[in-house]
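Just so you know, the sequences run in chain order V and W.
For the first sequence, the numbering used here assigns the number 53 to the initial residue and increments by one for each residue that follows.
For the second sequence, the numbering used here assigns the number 5 to the initial residue and increments by one for each residue that follows.
I should point out that these hints are in silico values taken from the structure, not numbers from a laboratory.
Quick reminder that beta carbons are idealized off the backbone N, C-alpha and C, glycines included.
Among the clues, some could well be false.
[To be verified] As a list, the in silico EDC-like pairs of lysine to aspartate or glutamate whose alpha-carbon atoms are at most 16 Å apart: (1) V:LYS263 / V:GLU284; (2) V:LYS213 / V:ASP157; (3) W:LYS303 / W:ASP358; (4) V:LYS89 / V:GLU107; (5) V:LYS147 / W:GLU277; (6) V:LYS128 / V:ASP156; (7) V:LYS275 / W:GLU341; (8) W:LYS286 / V:GLU100; (9) W:LYS223 / W:ASP199; (10) V:LYS128 / V:GLU100; (11) V:LYS280 / W:ASP328; (12) W:LYS361 / W:ASP293; (13) W:LYS337 / W:GLU376; (14) W:LYS441 / W:ASP293; (15) W:LYS129 / W:ASP70; (16) W:LYS230 / W:GLU216; (17) W:LYS303 / V:GLU143; (18) W:LYS271 / V:GLU82; (19) V:LYS166 / W:ASP199; (20) V:LYS92 / V:GLU132; (21) V:LYS275 / W:ASP328; (22) W:LYS146 / W:ASP97; (23) V:LYS128 / V:ASP157; (24) V:LYS275 / W:ASP346; (25) V:LYS213 / V:GLU259.
[To be verified] Here are some chain W residues the structure puts well away from chain V; computed CB gaps all over 12 Å: (26) GLU131; (27) PHE156; (28) ASN159; (29) TYR179; (30) GLY212; (31) GLU219; (32) SER288; (33) ILE295; (34) SER320; (35) ILE321; (36) ARG323; (37) VAL325; (38) ILE447.
The primary structure of each chain is shown beneath.
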Amino acid sequence: MNEDYLLNKRILLVDDEQELLDMVLSIFIEYGFQNVKTAKSVKEAMEEAEKSRPELAILDVMLPDGSGFDLMEQLKKGGEYPILFLTACGEDNDKFKGFGLGADDYIIKPFLPKELLFRVMAILRRSYKDDNPRVYLHDSQIDFSRAEVIKNEEHIPLTAKEHDLLSALYRNAGRIVTIDALCEAAWGNNPFGYENSLMAHIRRIREKIEKNPSHPVSLVTVKGLGYKLIVEGK
Amino acid sequence: MKSIPKLIRRFVGILTLSIILFVILNVAFFAIVFVRNTSTFSPWDMADNAAAALQLTDDGYSISDDVMVELKEQNAWAILINNDTRQVVWQTDNLPNNVPMQYTLSDIAELTRGYVDGYPTFTGKAENGLLVLGYPKDRFWKHTRASWDYNFIENLPKNTIIILVINTVLIFLIYVAANSKLLRSIRPITNGIQDLSSGSPVCIKENGMLFELAEKINKTSEILQKQAEQLRKKETARANWIAGVSHDVRTPLSMIMGYAGQLENSKNLSEVERKKAAVIVKQSNRMKDLINDLNLASKLEYDMQPLTMKQENAISIIRQVIVDFMNMNIDDKFPIEWKTADILSACYINADKDLLKRAISNLIQNSINHNENGCVIYASVDDDNNACKICIEDSGIGASDEQIDRLNNTPHYMICDTNTTEQRHGLGLLIVKQIIKGHNGEIIIDHSEYGGFKVVLTIPK
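My request is simple: use the sequences and hints to build the entire structure.
Structural data, given as structure tokens:
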């Protein structure tokens, strides 16, 4: 699936250290982001937010004129968009506080560029759906907005559970998703005892998306652990 | 406190035992005294003997010599009162002067019951008369009006028992009253000592019988609290210091990792330069792990990382850790195999999910760190009745018996107060040990049947 549209999203980066701002900026620009703005304080961040209407904000917790948590609350008043923290405060309490206030992610320094980009892309993907939301697999395509699979020009509808499972797999496309996480995605917080149901659903999904469901190439099993959705071009 | 009822039982036991002992001793004593004083000699018998020994001969009355000797020995005198004349018809030589020689019937009734002129007298029936035996005034005491109500004698055994019972009950009541006061003043002290041993602050009212002890306990508690406070301050300072340093190192390290990460993937650089950048990334990552580990280890060591225990499915936790590694592991040098039985889909334990994840990932990371050339990592979970057995092993280079022994038994330098130059195994394993200790579990390090290193964690359900 083409994700280029995500690279046009307006990003606001707030950290009091210029060198770190430069470094993160260079990571984003190298990856292809085109609208990244920076700010070094709460005041600057508020002004920049007014001006550029960001679609994603990355905040440090400790800023010279206030805390990132307060800044997040102020930013949220100006509009609903994902906010993540990038901070040296690795304490669990800080983390819980961040998530408790509604942060979308919490990255602790130091971090690898790959990790930062992966998490930012995951949040953007979740928050901003593509206008053309077709996911291309080896033998078929998934249209999540219509909840259907297109295989050999044929439109096959997905059930609600199949849709939930495929969404969870797609959000982590190319990565293994554990059996437990899949059960949770489909059946909620108490996923114990659904493994057999899960296997049945996976089999039905394969019948819809695979050319040869007995030898799957898009939805592969990782024995005992989970499943992986392989998306073309990813 | 369990010892107080025990103490009371003991006291009551001793009391009962001593009462019983006293009763037996007293009865025995009185019996001995009574038997000794009565069986050997009775003045009434003596009077009967003397009466029998008195013979009426032609010369008048005479008494056998041996009875006479006996009477003399006892300082006793005797008279014989004639039945008809009620006059004294015979007497011993030592008869006191004041003793009358003529008696009326009432005189005789009187002397039989009691005394003649203050001398205790005893009578015996002789031929034609009454023999009266008189003893010195301080020899006998006579009960002159001995008579008891019949009911009194009839009820005597019953009354004795009642009195005995009442006495015993009274003694117990007095004892309990006296001791309960003591126990009342002991209770706060025992509670205080109990609190002392649990480390909580103690403040006992300094009154009652044992106020001095209370005072001392309060003072001890104060000292202990002060010491604990100081220790806590010191430990907090140390943990905070480590947390502070690791915080400050994070931002500079981010920049090193960030730029090195970019250079590693830069298409403008040569292969050799990119490899150098990769080394910087790898080593920075090690530093990152180190500061994370150092921080967590110090917090666990100084109890600054409270464990939030919940019922968790160990299998799902471990599965997640393994999948995280597999999703991260780009170059397939460290494949992970899941060796848990298919039928086992849940093994619930009481655990802190994040910390348990940390322990498992430390073990997997250890296998990766110590096997440069790659190895297969095997993970399995086994439900062992009351515990969950988690096993992480690898097919790598493993360790010698001696190394394994050291890993199992020597403390890490961070928690060892003597030797800091040797025994430096990684912080990773120390954290695993600390976390498993926090879960009341067990950790065993061993050789793996796959050829490498094996760690088995046993966590109670």
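Status of each hint after checking the structure:
Taking the CA atoms of LYS263 (chain V) and GLU284 (chain V), the gap is about 15 Å. The hint holds against a cut of 16 Å. For the suggested pair LYS213 (chain V) and ASP157 (chain V), the alpha carbons sit about 26 Å apart, so the restraint of at most 16 Å is broken. Our distance criterion of 16 Å between C-alpha atoms is met by LYS303 (chain W) and ASP358 (chain W), whose separation comes to about 15 Å. Between the alpha carbons of LYS89 (chain V) and GLU107 (chain V) the distance comes to roughly 11 Å, so the proposed pair stays at or under 16 Å and holds.
Taking the CA atoms of LYS147 (chain V) and GLU277 (chain W), the gap is about 37 Å. The hint is violated against a cut of 16 Å. Taking the CA atoms of LYS128 (chain V) and ASP156 (chain V), the gap is about 12 Å. The hint holds against a cut of 16 Å. Of the supplied pair hints, the one linking LYS275 (chain V) and GLU341 (chain W) holds, its CA atoms being roughly 9 Å apart against a limit of 16 Å. For the proposed pair LYS286 (chain W) and GLU100 (chain V), the alpha carbon gap of about 36 Å is over 16 Å, so the pair is violated.
A C-alpha spacing of about 13 Å is found between LYS223 (chain W) and ASP199 (chain W), which places the hinted pair at or below 16 Å, so the restraint holds. This hinted pair checks out: LYS128 (chain V) and GLU100 (chain V) have alpha carbons roughly 14 Å apart, not beyond 16 Å. Among the hinted pairs, LYS280 (chain V) with ASP328 (chain W) is consistent with the structure: their alpha-carbon atoms are about 13 Å apart, no more than 16 Å. Between LYS361 (chain W) and ASP293 (chain W) the alpha-carbon distance is near 15 Å, which keeps this suggested pair within the 16 Å criterion.
For the proposed pair LYS337 (chain W) and GLU376 (chain W), the alpha carbon gap of about 9 Å is at most 16 Å, so the pair holds. Pair hint LYS441 (chain W) plus ASP293 (chain W) does not hold up; C-alpha atoms about 21 Å apart against a cutoff of 16 Å. Of the pairs offered as hints, the one joining LYS129 (chain W) and ASP70 (chain W) is violated, with about 19 Å between alpha carbons and a cut-off of 16 Å exceeded. A C-alpha spacing of about 21 Å is found between LYS230 (chain W) and GLU216 (chain W), which places the hinted pair above 16 Å, so the restraint is violated.
About 11 Å separates the Cα atoms of LYS303 (chain W) and GLU143 (chain V), which keeps this hinted pair within 16 Å; it holds. The straight-line distance between the Cα atoms of LYS271 (chain W) and GLU82 (chain V) is roughly 11 Å, inside the 16 Å bound, and the hint therefore holds. Restraint check for LYS166 (chain V) and ASP199 (chain W): the C-alpha separation of about 55 Å exceeds 16 Å, so the hint is violated. Distance restraint check for LYS92 (chain V) and GLU132 (chain V): the Cα-Cα separation of roughly 22 Å exceeds the 16 Å cut-off, and the hinted pair is therefore not satisfied.
Between LYS275 (chain V) and ASP328 (chain W), the direct Cα distance comes to roughly 15 Å. Compliance with the 16 Å bound is thereby established for this hinted pair. Annotation: proposed proximity of LYS146 (chain W) to ASP97 (chain W) is violated, straight-line Cα distance about 25 Å (limit 16 Å). Taking the CA atoms of LYS128 (chain V) and ASP157 (chain V), the gap is near 15 Å; set against the 16 Å cutoff, the hint holds. A distance of roughly 9 Å separates the Cα atoms of LYS275 (chain V) and ASP346 (chain W); the hinted pair therefore holds under the 16 Å criterion.
Proximity of LYS213 (chain V) to GLU259 (chain V) is assessed by CA-CA distance (about 15 Å); at most 16 Å being required, the pair is judged to hold. The claim that GLU131 (chain W) lies off the interface holds: its Cβ sits roughly 121 Å from the closest Cβ of chain V, which is beyond the 12 Å cut-off. With a cut of 12 Å on Cβ distances, PHE156 (chain W) stays outside the contact zone with chain V, its closest approach being about 86 Å. Distance check on ASN159 (chain W): its Cβ is at least 81 Å (rounded) from any Cβ of chain V, clearing the 12 Å threshold; non-interface status holds.
The beta carbon of TYR179 (chain W) is kept farther than 12 Å from every beta carbon of chain V, the shortest such distance being approximately 59 Å. Listed as a non-interface residue, GLY212 (chain W) keeps its Cβ farther than 12 Å from every Cβ of chain V; the least gap is roughly 47 Å. Chain V leaves GLU219 (chain W) outside its interface by the beta-carbon criterion, the shortest separation being 42 Å against a cut-off of 12 Å. Look at SER288 (chain W): its CB is around 7 Å from the nearest CB on chain V, not clear of 12 Å, so calling it non-interface is violated.
Interface exclusion of ILE295 (chain W) from chain V breaks down, the closest Cβ pair being 9 Å apart, not more than 12 Å. Non-interface status of SER320 (chain W) relative to chain V is broken: a Cβ of that chain comes within 12 Å, the nearest being about 4 Å off. Distance to chain V contradicts ILE321 (chain W) as a non-interface residue, since its nearest Cβ pair spans about 9 Å, not more than 12 Å. With a least beta-carbon separation of about 5 Å from chain V, ARG323 (chain W) fails to lie farther than 12 Å from that chain, contradicting its non-interface assignment.
The beta carbon of VAL325 (chain W) sits about 10 Å from the closest Cβ of chain V, which is not more than 12 Å, so the claim that it is off the interface is violated. With a cut of 12 Å on Cβ distances, ILE447 (chain W) stays outside the contact zone with chain V, its closest approach being about 23 Å.
Of the hints listed earlier, those the structure fails to meet are numbers 2, 5, 8, 14, 15, 16, 19, 20, 22, 32, 33, 34, 35, 36, 37, in rising order.
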